Every structure is written in C-alpha cells, then in structure tokens.
Amino acid sequence: MPGVSITWQGTPRDASWWNGSIVGWEPFQHYLCRPDPFENPFVGCLSLHPPRQKGRYSLKILAIEWSQRQRSLALGELTSEKGLECLASVILEGIHDAALWDAFERWSEDFQLDAAEIQKVVVGLGPGSHAGVRHAIAAAYGWHLAKGCELLGLSSALVLACQAMDQRGWESIHVAIDAQRSEAALLSFTKGQKEGSIDQEGLTRFGPLESFKEAAACGGIVASQEMVDRLRSIGVADDQLLPAYPEASWLMKVAIEQPSTVRKGPILEPLYLRKASFVKAPPITAVLPLSEVSPDREP
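In terms of this note's numbering, the sequence shown opens at residue 52 and continues consecutively.
Don't take each hint at face value.
[As the list claims (entries may be wrong)] Restricting the straight-line Cα-Cα distance to at most 20 Å, the calculated cross-link-like pairs of lysine-lysine (PhoX-like) are:
#, residue 1, residue 2
1, Lys198, Lys171
2, Lys111, Lys315
3, Lys171, Lys315
4, Lys133, Lys111
5, Lys198, Lys111
Read the hints as simulated data drawn from the structure, not as lab findings. Predicted model, so just to flag it, every value in this text is computed and none were measured.
Using the sequences and the hints, build the whole thing.
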C-alpha cells in the first residue's frame, strides 16, 4: 500500500498483504490482523502517518488562560514551514469553563483533531484569580495524565505586557493588577535587547491605585477595564492607558518565542502577588467542667 509503512519490533515489513482489517489501536498506531511474516505469533503495526522528512516537524498546542475574569482558550500548531499559527481561540466573560471546553469539542470536529494529538499545554499562572489559575492548572494536569502531553506555565502579567508592546509600541510597560485589601500591584516591564523580548524591572509595588498615577509618565499602563476607568478619572491620559486581559493566543505565542520565561511541568504552581503564609492556630487547651449527673439518672 503506497504511503503506509509496516514495522515490527523496529524492522520495516512489506505492506502489500494488508486487507484493511484492524484488531486494536493506540494513538497514531493500529494493530493488524495478520501474523508477523517472520513466524511471530502476534500482529504487525501500521503507522497512520507516512514517515516525516528529516528536519520537518508539526505539533499541536493548547493554551489555557483563566487568571482573570475574562477567560480564554486557544488552539495552535507549530510547524517547521509556517512557524506558530493560531488555529482557533475563544474568549468568554466570567466563569464559563464548560463553555470553553465545548469550544474545544467544536474545534476537534472542525480540524478533525483527536485530543491525543495535543503535544503541549500552556497555562497562564497569574498573578490573578487564585481559583481561576488553579482550575486551569488542574485541567492541564489532567490532560497530562490522560494523554501524556508536556505541560508549560507562564506569567500572565508578562503576556499582558507583550500584548501591550505589540499594540501600542511602548518600550516601558506597567501592568496593574487588583491586589485586594483596597490595593493594587504594579509590575514593570521594559523592552529587551533581543527582538520581541521583554524583561521585568524591579520588584512588584503595592499601594492604592491612585498612587501609581506617576507611572504613566514613564510608560504605559495596561490593566482591566475597571482599573483603567479609575486611572482615567484621576487624570491619566488615554494614550497612556490600555484596557486588556491576558489572552490564550498570546500565551502560546510568548511561550514559543521566549522559552527562557517558561516554567516546565508537570508540577506547576500559581504565581502569587504576595507570598502565601498560613499560621496554624494553637490547639485549644481550655478544660470544660463536667456537668453534674443526677443520682437518679443513669450516667
């Protein structure tokens, strides 16, 4: 059969005898209904794909970005001929995890894609919504256990900075994130020496959002729509503000173009704005008095 290769224990075999019958399958392989021609009692193995030419490659990537209220999912393909191409993406407001996975089911039909073909899963690690990030990590880890794909994690703030650099051309970018406790966090980034690269500058700063007004004088500020509206109300110019959320399509792009910023799995942890610290409560040592038992009542 042209374009079909038969192997058994690593040795090529003639495929002219195959009648198309299949007795079992694994990803990318099918076991055939014929004893091995070299007196082996088992069956041969059919490769579903013809051998690739040397130096060529193609892999599918799934990106999950759930660190903010606006959540997104993206499917991409990385090839030696075209580089990275985003095949499809979906963005939803609020918590709609089921709707995001429904989108993946539609993509599977549109692109005739099997879940086992996903070779890399990239997750946005925050900082942001702790619940959203943990849900994304759990989903990616489940995929890894079921399909054996590679897990990668990336800072969602870095992705936002890259989006802002591409859209506005800013060389200095400040990412503002709600830090709770009536505070905001400011992470600063600058354009790197390598083309398309970006570096984080200094430590994360905390304070009331209004205290970061001066940051707009030395770079643009990217934040959620609500935070942008507050900054605009205290006099920050529109050309120094960009309302945006990290997108899964950009998460995938940054992971491929800036591999030094990627955290490799399978164990991934959320990125917190503040160091998580939990203090164990001391045990209760108070002794409660025993209630008196009436002599007429059984103890």
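query: Which of the numbered hints above does this structure break?
result: none
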